[in-house]
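**Student:** Sequence:
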Amino acid sequence: MKDIVNSPNTRNLIAKNNHQGGKLPKKVAILYTDAKREYFYTEEEFYTVDGSDVEAKAFEPYLKALGVKVCFIKGDANMAKNLQKEKPDMAINLVTTVKGYDYLGATVPATLELLEIPYTGTNILGFSLGCNKYLIHALLSQHGIPVPPFQLMTSIRSPLDPTLKFPLILKLNEEHSNVEIKRESIAENERELRKRLKYLLNKYEQDVLVSEFIDGREFAAFTFQSINRKVYVVERKIHLPNNKTGHEFLDYDLCWMYEPEDYDKYLKYEKYHDPLLEALVKKAFVIAKMDDYGKFDIRMDRMGKYYFIDANANCHFGPPGWECEMTRTLKSYGIPFKTLLTRMLQNTMREWGY
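Under our numbering, the letters of the sequence shown match residues 674 to 1027, in that order.
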């Protein structure tokens, strides 16, 4: 163990050689997003992180039941100082944005690397890559992972690639949490494309990823990395209320705007198993430089071909009761939250040689 240099690139090797590992930490710091309204362009963005401190504290009873002490640290300018004060054995990184910017979330694993504190989730590179949808699409495509035909548009007058076929879907290039993924995101013609593009560019001042919309079935594929990588896939059975477009997909309203009882009416999950898809997901996990856990959104066209439409390195991870898709999915596969949390703690400690 001592002759393997501890770095993000060697931790999987350390874990495989750490036969004595798997110990639980004595003290864990839960790092959560500093959710202030002034950091965000819109209410839609802010709503996806509002209450991050409350959700972080929902982990406490589960950690105490494991005999693990816990402290809570906000992902802000005082984070490093507070980590040095608390001296945790490891950190659960729940920070999604810093000062309202997703890509600045990479400063959290960077800080933890400098302080040599084991942490859950992806490293600096994986986090940064995941904040650029265009780059992820390009990387996956170059490595043989199927993605829809796509184009990055940087201005209202950007010419449309003539090889792209309508309907098209427009997504903010640097956003997660389904922000601005709405029915209006689907453009059936050039006029609708320009209208939506103008709206997004003016409101958010960031580039827009345009890709062909894949009509068909939709899946969420979660990868959990221990000594081996395991894939857990569910099909999203989506029935949007009052939908006259004919296109069914997981939109912002379905993620955030409905009460749990309504949510369950419009979205149901079903376990799905296909060795081909699982092999593609494992490969994509490596290409996207993910660590510990991650999620891919995938659609299947009417001919049965898969298309990877999004990648989320540090996808939502939360206790039961917080509508966490990963927690719900793994529970359906016989892995309750307490087991998931325990394995994540043990895996992280093992990867760092403890």
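No lab work stands behind these hints, which were simulated from the structure alone.
Do not rely on the hints blindly, as some may be mistaken.
In silico DSBU-like links for lysine-lysine, alpha-carbon gap of 35 Å or less [to be verified]:
| id | residue 1 | residue 2 |
| --- | --- | --- |
| 1 | Lys855 | Lys917 |
| 2 | Lys944 | Lys1011 |
| 3 | Lys772 | Lys978 |
| 4 | Lys917 | Lys730 |
| 5 | Lys742 | Lys730 |
As the structure is a prediction and not an experimental result, all values here were calculated from the model.
**Student:** For every hint, state whether the structure bears it out.
**Tutor:** To see whether the hints hold, each was checked on the structure:
1. Lys855 to Lys917: 13 Å, holds
2. Lys944 to Lys1011: 21 Å, holds
3. Lys772 to Lys978: Measuring from Cα to Cα gives roughly 39 Å; hence the hint is violated.
4. Lys917 to Lys730: 41 Å, violated
5. Lys742 to Lys730: 12 Å, holds
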